[in-house]
Each structure stands twice: as structure tokens, then as C-alpha cells.
Amino acid sequence: MSGDETPLLAARDIAKQYGSVLALRSADLSISAGEIHALLGANGAGKSTLVKALSGVIRPDAGTITVSGTSVRPSSPRQAARLGLSPVFQDPALVPDLSVAHNLRLTGTSVEAVRANLASMGLQLDLRELVDDVPLPMLRMLDLARALAQDPQLLILDEITAALPSDLAERVFTVMRDWRERGRSVLFITHRLREVINTCDRATILRDGVNVATVVPQEGGEAEIVEIMLGPEAARAEERAAELTEQEAPVRAPVATATEAEVVLEADDLHLGSVRGISFALHPGEILGIAALEGQGQDELFEALAGQRKPERGEIRLRGKPLRARHPFDAIRRGMVLPGARCDVSRAGTSRRSRSPAGSHRVSRYSSATTPLEASTWARSGRCTVSFASWPRMGQRSSSSAPS
Amino acid sequence: MTAAPETVERESRLRALQRFLTDNPVVILVLVLVALFVVTEVVNRHQVGEPFVTWNQISTTLLVAAPLGMIAGGQTLVMLTGGVDLSVAYTATAAAFAISWQGTNGTLEGILAGLLVGVVIGLANGVGVGVFRVNPLVMTLGTSSVIFGLLSIYAGQAFEKRIPDVVTTLGRERFHTYLPANTLLWAAVAAVLVLGLSYTGYGRMLFAVGDNPLASRLAGVRVWQVLVAVYVLCGVLAALGGLLLVGFTNNPDLSLATSYLLPSVAAVVIGGTSILGGWGGYGGTILGVLILTVLGSLLTLLDAEEWERQVIYGSIIIVLTAIYARATRSD
Amino acid sequence: MTSATVTAHEYRGVPAWRRNLRLHGWTIGVWLVLLAMVPYWRSLSQQSFEFDIQALAIDALPLCFAAMAQAVVVISGGIDLSVGSLMGLMNVISAKHMIGMSFREAILFSLVILLLSALAGGFTGLVITFTRIPDIVVTLGMLFVWYGVGLWVMEIPGGGAPQQFYDLALGSIGSTQVPGAMVIVFAALVVLWLPIRWLRPGLSIYAVGSNRNAAYLSGIGVARTRVGAYMLGGVFAGLAGLALTATAGIGDPNSGSIYTLNSVAAVVLGGVSLLGGVGGLIGPIAAAYILTLSKTILLIRGTDPNYAAVYQGILIILVVVIGGLLSRKTHR
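Protein chains in written order, with the numbering used here: chain B, 1 to 404; chain H, 405 to 735; chain Y, 736 to 1067.
Extracted from the complex, chain B is given alone in its bound form:
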């Protein structure tokens, strides 16, 4: 990784504007052969936009990209693949109504290679399955196997681990290390800093569409990265929020009184989809944080609380009375407020109505129910909040949580 040799990939001054939103101001990125390079940044820092520019999904407004010293302008994912750049996008790039095998034929990928890659990751999948039937974690692994089958110089993994349970994520890291050993490179995007520190050789950090630093993760550690990612202002704002809550609001009711106090919201052994037996009780003034990996049942839990879906088993009680909502309207009438209701529940990646690819604005999977500040204000007035957040979400930590 010496600076003298030509980098495998070098992007300079990449800029991209969507309408009035400046997604990338001026981003540089340089990846050497044989390294695992992390791309980090808070939400909206421009990571995905940069990935899309590298893989030919969008055309940047400005900037240059060189691969092994030659200037390129990938104008489609197919062309990028020919240049040796294989991306795994944030959303599965698999057509839901076709079988896995047909999807492979569509991209001209060798079925044998994919099958071998899956097998080497310890996975089995009947390739005649319809993509629509295959669970999300498996689709992510399939995306990876397909990208590997193209034998790329640079493997680009955009938040692939977000939807993976830890055992599968571990396999992804093994693949990445193997890839490095073969002298190839990986560009890895994630929100989990632990993964970066354990696996990545270098990390480029984006903030507000500009690359602010390139660091060696093992040296600076988590704290340094977070500070660079959030920037001084954000850090100060966090502090202020923390001060506010400490000074003005002892958010959590003392545990002793909480048990005596009336229970406002109670979930009793809820079963629904991948939710298997969730129970909790909320007292006035409490904030309950719910944190989980993608697809671990929080969508279903939210839908159940919102009155959108009926639990298969178990009960939700509002002030002791069962909430048998047949429609969100019933839940709202009973006093449940659902700000930031997620629009594109759970199938954001594969929904049929995703519009044109270039201008596609991804629906945020997890808008937490409220911001920490709102939640604490709400709590002070003696009401309670269930706050949904993906985990761990940088710069948006839940301010407090009650034991479940």
C-alpha cells in the first residue's frame, strides 16, 4: 500500500447533485491493489452516491475515475463490471418475479461459479427458487456470490452486512480477506465500526459530500472515526442535547415507582412473522428503545403497534385494555401516535414500484419514531414512547431506554 504505485482505483473530485440536493460535493477516493478499504460516513454523507458513480449507475456531474491508471467513465453497471468493478448494492439487485437461475442468466453470470461460491460460503440454495420467495439475508449472500463470479478486481460492498445475522456477516469477512490474499481489493461500506477496525486496512471518511480524512482504523480506533464522521458541530449538538435532558428532565421514572405505576402500553408474548414472543411494559414517562438488525421483526412489531397487522398470537394492551385494532385508525383513536410512519415497509429493496433507477431516492428503512429530543419532551409530559432505530446508528443514539 505504498503511495508510489498507481492505485487500482482513483476517483477525484466526484460531485453529484439531485435536484436541489447536493449529494456529493467533491469526493476523492483511492484504493490500492490488495487492500480492504472502508468508506465511512453518517447518513447522507454521500457514500451510496459515490458507490453508484463508481459502478456506473449514475453519471457524476464532475470528477474523474481512473482504473489502474486509465481514465474511465462507466455509464452502466454492465460496463463497470467489464472494467473489473463489481458492486453489491444496498438493495438486492435481483428481479423478484424471476427464479434465481434466470436472474443469473440475465446478468450473464456463470451458474456453476455462483453455485461454487455459495458452497464455499457454506450455503445451499435451489437456484430454481423464485427470488421473491428467498429471505433477505440469503439474497444478500446471493448478490455477493454473483459479484464474486464476475471475478472483479474491485469488489464493492454497500452495507451488505446491515441485513445479515452475525454468522453470515462473519462469512462475508472471510470472503473479503480471501479476496485480499488473492491480491484483489474490496471497498466496504458499513455503519458498524467494529467491523471496520477488525477487517479494513484503510478507511476513507465522508462528511457532507466531501472526503474529510483517510485513516488506518486500527490506529485511531472507534472514537477517532466517530469524531471525524460527525464533525465538531454535530458532536457539540449531541452534547447540548445530552445536557438538556440531564438538566431539565430526569427522563426515567425511578424503577421502584415505575413498577407500581400504571402500565400504559403492554405487549404480551407477541407473535407475528419473525417476531416470536416479544413482551414489554411501558410506564408513563418512559422511552423504550427498540434496536435490531434489518429484518429481525421490528417492522412487524411496528405494524402490530400501529394497528396495521394483527398479531398471530399474544396481545397488545393499552392502559390495561386490549388493543384490537383492525386499522391504524383504531390505534390512533386509542391514543397511539405514529410520527415518521415508515412508508415502504420492509420491502423497500424489492418493491415493484421503485421508480427510475437514476433518480431513485431510497426510502429510509428506519426512521426512528421520534428524535431523542422529541422523545424526552414527550416523556416529561408523562407519556411514553417506543423508539425504533437501526443498530447501531451513528449520531442518532437513543437518549435513554427502559429495560424490557
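Calculated directly from the structure, the hints in this document are not laboratory data.
These figures come from a predicted structure and were not determined experimentally.
The beta-carbon is built from N, C-alpha and C at its ideal position, and this holds for glycine as well.
Treat each hint with caution, since some may be false.
Here are the in silico distance ranges between beta carbons for each label pair [what the hints assert, rightly or not]:
| # | chain 1 | residue 1 | chain 2 | residue 2 | range |
| --- | --- | --- | --- | --- | --- |
| 1 | H | D569 | B | S20 | 29 to 39 Å |
| 2 | H | L418 | B | E315 | 27 to 37 Å |
| 3 | Y | L767 | H | L520 | 37 to 47 Å |
| 4 | H | L520 | Y | P1040 | 23 to 33 Å |
| 5 | B | E262 | Y | P750 | 43 to 53 Å |
| 6 | H | A562 | Y | P1040 | 16 to 26 Å |
| 7 | Y | P750 | B | R326 | 26 to 36 Å |
| 8 | H | L435 | B | R326 | 44 to 54 Å |
Residues from chain Y that keep clear of chain B, each with C-beta distances beyond 10 Å, as calculated [as the list claims (entries may be wrong)]:
| # | residue |
| --- | --- |
| 9 | R777 |
| 10 | F844 |
| 11 | A853 |
| 12 | G857 |
| 13 | V913 |
| 14 | A923 |
| 15 | W928 |
| 16 | S939 |
| 17 | N948 |
| 18 | A949 |
| 19 | L996 |
| 20 | V1013 |
| 21 | G1058 |
| 22 | G1059 |
Given chain B, work out where chains H and Y should sit, using these hints.
This is chains H and Y only, laid out in the frame that chain B set:
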């Protein structure tokens, strides 16, 4: 990004214009309408030697436009929710028959029967789309097939017809020589629609449902109720259109409103209501209706052959929508 | 809080029968319905089987092709409201020019017609992808345009074609029990659709209709594929126009008008999802026969033929309602 300062300025001016047009999409349509009037005026002076833009002509334009305005009003509401109603033409025809059939029993009975037909058909469509979640295209296609069948069976039989005087007055009379009665009704309906869409909760719900049904549901909107109501409203407005038409012709006929189906969709589309739902309004539709009507007069004036009319008509739908989409596209 | 995780490696998959049911159940169901109608139809009819099946095949021929044209476009995620008027246009062009031709010339001219209609369909597709206006609006506009051009070509019904050309559709092939009109439909299916169905071009059409974004990320030229689907739809519409010439014997600019909505009905009945990406061409063919046969049955029973429209409307709605309920149940 590096760009020369003058291009930046030009770009920002262009952007400002675009923003202005995005915020006031009706401006483009008004310009098109004015241009059409001017062209017609010039052609008329050239060919007939008389001005076209006279009070009399404007009054005639409104008289001709009003039935389409009614039918397109219902279509606008439905399209705002992301649907489309292909049964409006037969609904109008069926209402016309109902009026002339029950007109023998009295004026009120006749009009009520007509409106009832609209309600029933709208209810059927609404239940299909809202409750059983049938694709609107298929649902209204199905109901129009049913209405058409029933109409051709029963309308073919001889029965006593009487179209109430009120209806004929509404359909063809003009007050003070220049003010068509049907335009008064249209204006009243238009006021209700325009104000209702922007200021009532139900109006806003229509936009919400068209924009994102799931989010609307999570926000506590009972989507199916909104949909049933919108198709009923559409049925009633189509029935009112049928009332004006039969008042004008004074004779119900199986093909009375057939030629209004596609123009009703075209007027809404030209008026800038998105066929995907959630965006648009009745103001644009009114202009769309007027544009189509004036275009019709212009083509008559030019002595255009039927085929030329059809081709121009089709092209104008595409071209206007394209210009419109381009001008108001935000990115 | 405990929440069991469905990890991928434990995933057992969907049983093959459920997958096949989901993929082919509807098509098989429509064909079974068609077969079930046959005994009833035969029990009513006074005519010989040969005569009846011949009549049915001829009656249904234009609708079969119209349904195939619509199906290709709908699978690609679009909808073509101009199918009927494009058919009408091709009908009048062919009838106007074929009238004095020899059979051989007529066949060659048919190829010209197919080329023209492919270009017309491709033009529609180009307008859609270039202007980015919704399909339904553009094809609504093209409905008027093609109808207008049709009127320009031939204002009042007329024209014709050589007798052997009629015989292609009206005659039978080999045994008298095999109507030529039916053979033509399946020949077109085998020649034009099946070869590409499972290869990249066909799969791309499905992919674009199923999820445009995923298709694009998979490296498919979305615009190119959509234009291609409209071109292929145009070819089928051209065949439908030729079928009108052969079965009606003349050209009539209005002849196609009923086929736009009927083709949508056949496609829906045939198991093609209006959302795109699901279904095939074999189901819509069966649906076209069902729609034609139900009209025939009403006619034989002496029912006012206008009831056919009533029943057809109710049938379409019921089928879609039931289909929707079924798919919701199997999906959850």
C-alpha cells in the same frame, strides 16, 4: 463543481423559471389556451372574414365544454387517487336514459333517477377498487361492459320517454343570450371541486391516498372509504354530464356519451393531473377541457378531415403532456 | 426480548409444487376452464364438431393476437391502449393493397405489414421512454393517431385479399378437425415468443416489468427492453390486423376499436399481472378463446347477445377478485 459564472447565472434563471412553472403549472395551460384562441382568431378572420373571439363564440365554447367538464371532473378525482374510471361514458349514457325514462313520472323523479344511476355504478366501482382491491382499469372496464350490455338490452326496447323541461333548459338554454345555463352548473361544481380539494380534509385525503396509500393508512386514513367515496362522486359527476348531454340533444341515444370517454382522460392528463396519482387538481382539468374544445372548433374551421382531427388530437395529448412534464419536472 | 432469527443457511426453501403452482397455476386453470366449457357448448350446439371448432377458431383469431400483443407489453410493465387502432390501421393497409395481388405477393406484403407494425410499436415505445410520460397517456394518444392514419388510408370499408389468403385463416390444416386459424396462433407463439422467452431478451422483458430498478442494476438496458417489448407487441398487433383482413374479408378503419379493451380483459383473465413481470402468452390465448366461446354459447342459447357484454364484465371482475383473494392467501 466548476462552471463559468455566466452559465451558472443562466442556469439559475432557468431554474427559477422552472420553479415558477412547477409552482404554477396552470400558467403553461393558460398560455396554450390563449395561443389557440389567437390562432383560431387569425384563421377565422382569414377564412370567414369575421373575428372568432366574440361573446357569442365564447358562450358557445362554454356550452359545448360543460358536459365534458363535468365528466372530466369525476375523472380528475379518481385519477388523483391513482386510478382511472373507464365507465364514465356509459354511466353518463345510462343516467341520460334513466332521466328520460323516469321523466314521465315527473321532473324530480327523472333527475333523481339519473343521479341514482351514477351513485349505484360509482358504488360498484368503489367497492371493487377499494374493498376488493381490483385494479381500477379492470374494474371500471368490467362495469362499463355490464352497463353497455344492459343498456343495449333495455334501451333498445320501446318505452315512453320524456325529458324534463328543467333538463333541456339546463342543457341548451342561454341566459341573457350569452350565459349558458349548463355553464352555471359547471361553475358551481367547479367551485366545489377546486375549493373542496384544497380546503377540506377529504380533499387532502385524496391526494394522500394517491401519493402513498400505505402511508395514508398508517396515518389513520381509511383508504377504502376514501376510494368508495371518490368513485361514487365520479359516478354522480358523470351522471350530471349525461344530464347536460341529454338536455342538449333532447333524445337519449346509446352512443350519447361514448365519444367523451377518452377526452375525459385526455383533459385530465393535459390539465397536469398525474395518472400515477397524488398530484394535480381540477383547475388544470378545466383548462384541459377548454383547450380540447377550442381545438375542436379550430379544426372545424380549418375544415380538417376526420383523420387529421384524430391525428392532431392524439399528438396534442402526447406533446402537451411531454412539455408539461418537462417543464415541471423537479430534477 | 427474544426474537428468533431466520438465518439463510437454515432456509429450506419453498416446495417445488408451490412454486410451480404459483408460476403456472393460473395458466393451467384458464385452460381447464376452457376445456370445461367445451362439453357444455357441444351439448347445446346443433352443428358438427368440425364446423363449430372452425367457427370458434376464426372468431377468436384477431382477439388471440390482440391479447398476445397486449400481454407482451403488460409483462414489460406497460399497457398499450393503442393495440386496437394499430390493428385497424394494419387491417386497412393490407386490405387496400392486397386486393389485386397474387397469393405469393400477399404473403410477402404481410411481412411488410408486420415490419410496419413493429416499427409503429417501436415508435410508441420510443416516445414513452424518451418523454418519460406514463405508458397509458402515450398509448392513449397513439390510439387517436393510428386511428386517424387508418381513416386516411381508407375512409370507408373496402378492399380485400386473394382467396388463398382468406383460406389460410378460414381453412383447416391436415384433418378437418384442425382449424388453420388455431394452428396460426400457436405457430406465432412458437416462432415469435417461445424462442426468446427463456433467453436474455425475454427474461429482460420480465425483469423490466417486475422491478425496473433491480433490472437496471442487473445491467439491463431498461429503455431498450421496453422499446423492444412494444415492437414485439406491434408485430402481434400486425398479425391481428392481418387476421381481421383474412376473417372479415375487407378493411375497415373501425374494425379494431373493440379490441383494445378486450385485449386488456383477455390479458387479465389470462393471468398476466397489470403490475408487470408476471404471466405469459399461453394464458391470454386461452382467455381469448373463453371470451369468444362464452359469446358463442349465449348466441346458441338464444339469449340476447347483448347479455354477453354483461356476463363478460361480471366474469372479468369476479376472476380478478377471486384471483386477488387467492394470491393474498398464498402469499401471506
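Structure-based check of each hint:
no.	hint	result
1	D569(H) to S20(B): 29 to 39 Å	violated (58 Å)
2	L418(H) to E315(B): 27 to 37 Å	violated (59 Å)
3	L767(Y) to L520(H): 37 to 47 Å	holds (41 Å)
4	L520(H) to P1040(Y): 23 to 33 Å	holds (28 Å)
5	E262(B) to P750(Y): 43 to 53 Å	holds (49 Å)
6	A562(H) to P1040(Y): 16 to 26 Å	holds (19 Å)
7	P750(Y) to R326(B): 26 to 36 Å	holds (32 Å)
8	L435(H) to R326(B): 44 to 54 Å	holds (50 Å)
9	R777	holds (38 Å)
10	F844	holds (37 Å)
11	A853	holds (24 Å)
12	G857	holds (21 Å)
13	V913	holds (34 Å)
14	A923	holds (24 Å)
15	W928	holds (16 Å)
16	S939	violated (7 Å)
17	N948	violated (4 Å)
18	A949	violated (5 Å)
19	L996	holds (24 Å)
20	V1013	violated (5 Å)
21	G1058	holds (16 Å)
22	G1059	holds (15 Å)
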